[in-house]
Amino acid sequence: MTPAGPGIVAARVSLVLVVALLLQMSVAARIEVFGAMGDLMLCVAIMAGLATGSDRGLGVAFAAGIAYDLLLHSPFGLSALVYVLVAYLVGSMQDTVLRAAWWIPTVTAVIGSAIGVILYAVFGTMVGEELIGPELVRIALVVSALNAVVAHPVLRIVRWATDSGGSVRARAIMR
Amino acid sequence: MSPTRRTGRSRLTLALLVITSITVLTLDFRDSAPVSAMREAAATVFSPLRGLADSATQPFRNAWGGITDYDDVKRENEELRAQLDEMRGDVVRQEDAEAQLAQLLDQLDIDWVGDIPRVTARVVAGPGSNFSRTIEIDKGSDHGLAVGMPVLTGAGLVGRLVQVTSNRSHVMLITDPDFAVGIRLVDSGATGTARGQGEGEPLLVDTGLEKGTEVEEGASVTTSGSDRSAFPGFLPVGTVVESLPSDDGLTTDLIVEPLADTGSLSFLTILLWTPDP
Chain A
10 MTPAGPGIVA ARVSLVLVVA LLLQMSVAAR IEVFGAMGDL MLCVAIMAGL
60 ATGSDRGLGV AFAAGIAYDL LLHSPFGLSA LVYVLVAYLV GSMQDTVLRA
110 AWWIPTVTAV IGSAIGVILY AVFGTMVGEE LIGPELVRIA LVVSALNAVV
160 AHPVLRIVRW ATDSGGSVRA RAIMR
Chain B
7 MSPTRRTGRS RLTLALLVIT SITVLTLDFR DSAPVSAMRE AAATVFSPLR
57 GLADSATQPF RNAWGGITDY DDVKRENEEL RAQLDEMRGD VVRQEDAEAQ
107 LAQLLDQLDI DWVGDIPRVT ARVVAGPGSN FSRTIEIDKG SDHGLAVGMP
157 VLTGAGLVGR LVQVTSNRSH VMLITDPDFA VGIRLVDSGA TGTARGQGEG
207 EPLLVDTGLE KGTEVEEGAS VTTSGSDRSA FPGFLPVGTV VESLPSDDGL
257 TTDLIVEPLA DTGSLSFLTI LLWTPDP
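Quick note, the sequences are listed as chains A and B, same order. If you read the first sequence in this note's numbering, its first letter stands for residue 10, the second for the next number, and so on. If you read the second sequence in this note's numbering, its first letter stands for residue 7, the second for the next number, and so on.
Calculated directly from the structure, the hints in this document are not laboratory data. From a predicted model like this one, the values you see are computed outputs, not experimental measurements. Among the hints, a few may not be true.
[Said to hold, decoys possible] Straight-line distance between alpha carbons at most 25 Å, and here's what the computed SDA-like set of lysine to any residue pairs gives:
1. Lys80(B) with Thr134(A)
2. Lys217(B) with Thr257(B)
3. Lys80(B) with Trp111(A)
4. Lys80(B) with Ile120(A)
5. Lys80(B) with Val36(A)
6. Lys80(B) with Ala45(A)
7. Lys80(B) with Val42(A)
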């Protein structure tokens, strides 16, 4: 298959981010599970790191975070910072540690989501937002569980958007 | 590409993106105009798309709400009917009291909050993430709204506007730890500062009252409306549920339950009032 050009990849990624943002604001943010809501944008960032390795995934994660920050009244750039770090961590693990298997996206979503939620709370508190509290564990558990559920479809969509489905590792992860 | 080269390039990309994120964060903290303009532009562009997405996903949300909240909604409905009967009688008494207060304030040349023009807005979105505490309403600067304006429900003060675009605004709720309001105890006239302590938590009021001062449970609390206050006076805030010694042990703090239920907001009233510069 002929690889998609950079323009097509950029257009696909933009489309995926806009749709993910709409689903986050209109669905995920309106449905509370045990007092917490899902974080689809974090899932996109994690799957971008997993699908493309630690390189191209960083750009997708940064764009997801910046787009999310633009619509929230929260520190602008904080989600982008956290998503980039989580995508890098996931991508590095994929490059060096992880072995291809069907369960990798689910487990990665669980671990990456928990790390992302905790990092956001820690960095948010560092910039004066008072985000660390007893509810943090509950939020991390809910976000991890919900992102685990949607990990596989999100990974497929991110693979299509970033045109990273052709690599041997990506194919193996998706099996 | 070799793993080493790839890792090196990734680290460089990571460093650049982290630096960019921190730079943007810094600009936001300094209330940089470009950041505000970007946010406003994004909200304006995204607003119609979000309206479509909200309409398209409404049946799904309703179905989820019907499954998970049916018993709560039924019980709440019964409680609200009982409260409504009680409040019908209160309304008549309150209107009489307000009329008398307005006359007195007019004689003293003090602004009466009932005379302040107001705009009603619908809540279109709650917090967009687990760590965002603002809610979004469907009115903005096109309707005369501005940052800092007080936001009320029928029960009392519920927050203030912290971000305003042409047709949408964000409301910081009274329970937000960053929220502070000057208050006055209706009975004693004692003043203090109430601060939010998080969603679902009561307000903590630093009164400056002497240690050991007893404040009756259920005492009414309104905004103080003192000079340079961020809110006009006489807005209902809440009722006292507990008095306790302050952290330094020298004064008395109060725990105040807000009158407005921040957990179920649908329509809000915005007072077109901004503090004197």
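Verification of the hints:
| no. | hint | result |
| --- | --- | --- |
| 1 | Lys80(B) with Thr134(A) | violated (39 Å) |
| 2 | Lys217(B) with Thr257(B) | holds (4 Å) |
| 3 | Lys80(B) with Trp111(A) | violated (44 Å) |
| 4 | Lys80(B) with Ile120(A) | violated (38 Å) |
| 5 | Lys80(B) with Val36(A) | holds (23 Å) |
| 6 | Lys80(B) with Ala45(A) | holds (23 Å) |
| 7 | Lys80(B) with Val42(A) | holds (20 Å) |
Of the numbered hints stated above, those contradicted by the structure are hints 1, 3, 4, listed in ascending order.
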